[in-house]
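Novice: As you go down the protein sequences, you meet chains R and X in turn. So the first sequence is residues 1 to 305, counted in this note's numbering. So the second sequence is residues 1001 to 1373, counted in this note's numbering.
Hints listed in this document are in silico derivations from the structure and should not be mistaken for laboratory results. C-beta atoms are modelled at their ideal positions from N, C-alpha and C, and glycine is treated no differently. Hints may be right or wrong, so weigh each one.
Listed below are several chain R residues computed to face chain X (Cβ distance under 10 angstroms; list not exhaustive) [unchecked claim]:
1. 64
2. 68
3. 124
4. 159
5. 161
6. 178
7. 270
Restraint-style ranges between C-beta atoms, simulated for each label pair [what the hints assert, rightly or not]:
8. X/1272 - R/32: 31 to 37 angstroms
9. R/285 - X/1161: 25 to 31 angstroms
10. R/62 - X/1338: 42 to 48 angstroms
Distance condition first, Cα-Cα at most 30 angstroms in a straight line; then the derived DSS-like pairs of lysine-lysine [stated by the list, open to error]:
11. X/1306 - R/95
12. R/95 - X/1204
13. X/1306 - X/1363
14. X/1026 - R/133
15. R/133 - X/1363
16. X/1363 - X/1204
Take a look at the letters that make up each chain.
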Amino acid sequence: MRVQTTDYTVSEIRSPASFITSRVFIYGALVFWAFICLFPIYWTITTSFKSAVDVTQGHLIPFVDFQPDWKGWRSLGLSPDSISQTSTVRDEFFKRFMNSVITSVGASSLAIIIGSLAAYGLTRYRYRFAWFKNEDISFFFLSQLILPPVVLALPFLVLYREVGLLDTRGGLILLYTLMVLPIVIWIMRDQFNSIPVELEEAALVDGLSIWGAFLRIVMPIALPGMVAAFILAMVLCWNEYFFAALLTSTDAKTIPVMVASQTGSQGINWWSMAALATAAIAPLAVIGIALERYLIMGMTAGAVK
Amino acid sequence: MAEQTSTTNAWPANSAPLDLIPPGRKRLGWALMALATFGLLAMILLQILYKTEVDAIGFETWRPVVYAYVLWGVALGIGQVLTRGEDGQRALFLLPALLFTIAMVIFPTLFGFYIALTDWNLSSFSGRRFNGLDNFWQMLGDPYYRNALFNMVLYVLAVLVEYVIAFGLALLLNAQIRARKFFRVVFLMPLMLSPVAVSWMIGKSLMEYRFGPAATLARHLGWDNPAFFSDPITARISIMLLDAWTFIPFMMIMLLAGLQAMSREVLEAARVDGATAWQTFWQVTFPLMLPVSVTAVILRIIFKLKLADIIITVTSGGPGGATDSVSSFIYREYRDRSNVGYGTMLAMAYLVIIVVFVTWLLKLANRFVRNVN
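Build the full structure now, drawing on both the sequences and the hints.
Specialist: See the structure below:
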């Protein structure tokens, strides 16, 4: 890199004009991308309040372009005037919603439990399993990340039918656990590596057993990492569509499958579709805003050394 | 499972040698493990005999065998602790995940390879029939499968464009700006939302030919016929855009973390040395970011190789299979034709291709990162 005296002045003291230009550019780009991120969400939410005419004429702004109405939510049985009445659609929606909650929470919890244990073992102890050493076992777990769902889908379809797990939440939980386990192990390994071994040594000297040291000393410290892994796993399970579409039919159908199967015989009901989509994305939007810190922590685990 | 030693020899845990375990306890452990193994094998044998109608005692489904496997795992764990003391307790950390993954991956994959060699249509009554490599030859001559593979190449290449955008966004977020947290949350949003729900709303209504705002905008910009999903090339690009919208935040967050971890001194030094912003980026920031970039891109490619849900919901492969990814093609092969045998053969072939490709990619990335730094 050549040092030029003229460049000094240019880069050290920037002219107000170029400063303002760069500010304008930066904020312009930020706002532009924020628009790209938010507009589809805005469109989804507003569409749930539109009537057919408003949709087909491409009206955008409520109260100015069109008069919002609870149309979409009424068709789901969730609008203020229909909430007290019985509604089969609402019952179905809540059933799917609960399926989604149970499968994603169940799978994430199971993955966190067995994943954390494995990650802890792999970072602290040296295993030999025939000719497999720690690195090989770690690689075995992480390599599951590559496995595309489609490879397991059809064998599982057949196996689940034999085992009687087809169209059950339990079956989905097992598969989702498998799906998020590598990510959980990846995050937790990073977490445990950052905890000094001396803590456990002290605990062992004080008379705790191996598991005692893990449960009472290490776990509390690693809790933020576990929360991060849990939330990331939740997001992935909640949004999963492929397995759910193949392996469930009536009982265990989850929200994404319900959303995808909404094309009615007489065309698409945009408003009810939009209401359903809003309801499907709302929980995660809330989680995303409230727990953004943990999400970022989970995603960046191990990426930066 | 063989012997284990702790990482640090100074650990007091190591002071409990194997000899201290009373032989009675050891025998109990061995007996328990043997009993459990015997029980599991007997259960499997019984069920096989029942299913092949050799004997009349057995269960309707194979589910009891699953329970037996879980019990066997528990017995194995207890046996480990009984026979090997503290080493057994250490093995207990790894056992659940290991047994779970082996049961859930190895067995189905092996079973999958077997299904791949059969002619098995779930909707026909003839049932499963072994037909050797017939599926394989059929696959080689299948233009739709080749097309789906070719699409995957295109979709994977699109990752590079996503990377450039993600890097740009990460730089923006890393600049001295106000409301950084707000923008970060907003930029992260697309990743959180269900791709199915969102792609439904974007693909089917926002990009709707007649009234979608995106189509209206495109008309204003001079595109007379803004049909996003009717000709093959535009349809592919639209799918890429939808997928990019969801996953750009993922790479962005990783790159942002990399940027924030970079030491300020290096950048200061470059500035003092008189480098322009452009030079600083290419000669300092970019090379330093290379390891993070490679990780982000590889992870993104791995996710991209699984791409299916957006295509299934928005185009279901159309027009004429032009947007099919391998996963969505196999999905339809099963959904429309119930062709389990052939579909599995396609999936297995895809698995082999992916494993080879990702291994090569990792090797390449390793060499690349080492050469530059």
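Novice: Taking the closest Cβ pair, is residue 270 of chain R under 10 angstroms from chain X?
Specialist: Holds, about 6 angstroms.
Novice: Would the stated hint for residue 64 of chain R survive a check requiring a Cβ distance to chain X of less than 10 angstroms?
Specialist: Check failed: Cβ of residue 64 of chain R comes no nearer than 15 angstroms to chain X, outside 10 angstroms.
Novice: Does the nearest C-beta of chain X fall within a distance shorter than 10 angstroms of the C-beta of residue 68 of chain R?
Specialist: 17 angstroms, violated
Novice: Is 25 to 31 angstroms right for how far apart the beta carbons of residue 285 of chain R and residue 1161 of chain X are?
Specialist: Given a distance of about 27 angstroms, which is inside 25 to 31 angstroms, the answer is holds.
Novice: Verify the proposed pairing of residue 1306 of chain X with residue 95 of chain R, using a straight-line Cα cut of 30 angstroms.
Specialist: 28 angstroms, holds
Novice: Residue 1363 of chain X and residue 1204 of chain X were given as a pair; does the straight-line alpha-carbon distance stay at or below 30 angstroms?
Specialist: Given that 30 angstroms is the threshold and the Cα spacing comes to 40 angstroms, the pair is violated.
Novice: Would the hint linking residue 95 of chain R and residue 1204 of chain X be met if the CA-CA limit is 30 angstroms?
Specialist: Judged against 30 angstroms, a Cα distance of about 25 angstroms means the pair holds.
Novice: Given the proposed pairing of residue 1026 of chain X with residue 133 of chain R, does the C-alpha separation stay at or below 30 angstroms?
Specialist: Answer holds: residue 1026 of chain X to residue 133 of chain R is near 25 angstroms, not above 30 angstroms.
Novice: For the pair residue 1272 of chain X and residue 32 of chain R, does the Cβ-Cβ distance stay inside 31 to 37 angstroms?
Specialist: The hint (31 to 37 angstroms, Cβ to Cβ) holds, given that residue 1272 of chain X and residue 32 of chain R are roughly 33 angstroms apart.
Novice: Take the shortest C-beta to C-beta distance between residue 124 of chain R and chain X; is it under 10 angstroms?
Specialist: 6 angstroms, holds
Novice: Would the hint on residue 159 of chain R stand, with a C-beta cut-off of 10 angstroms toward chain X?
Specialist: 6 angstroms, holds
Novice: Are the Cα atoms of residue 1306 of chain X and residue 1363 of chain X separated by 30 angstroms or less?
Specialist: Measuring from Cα to Cα gives roughly 21 angstroms; hence the hint holds.
Going through the hint list in order, the structure does not satisfy hints 1, 2 and 16.
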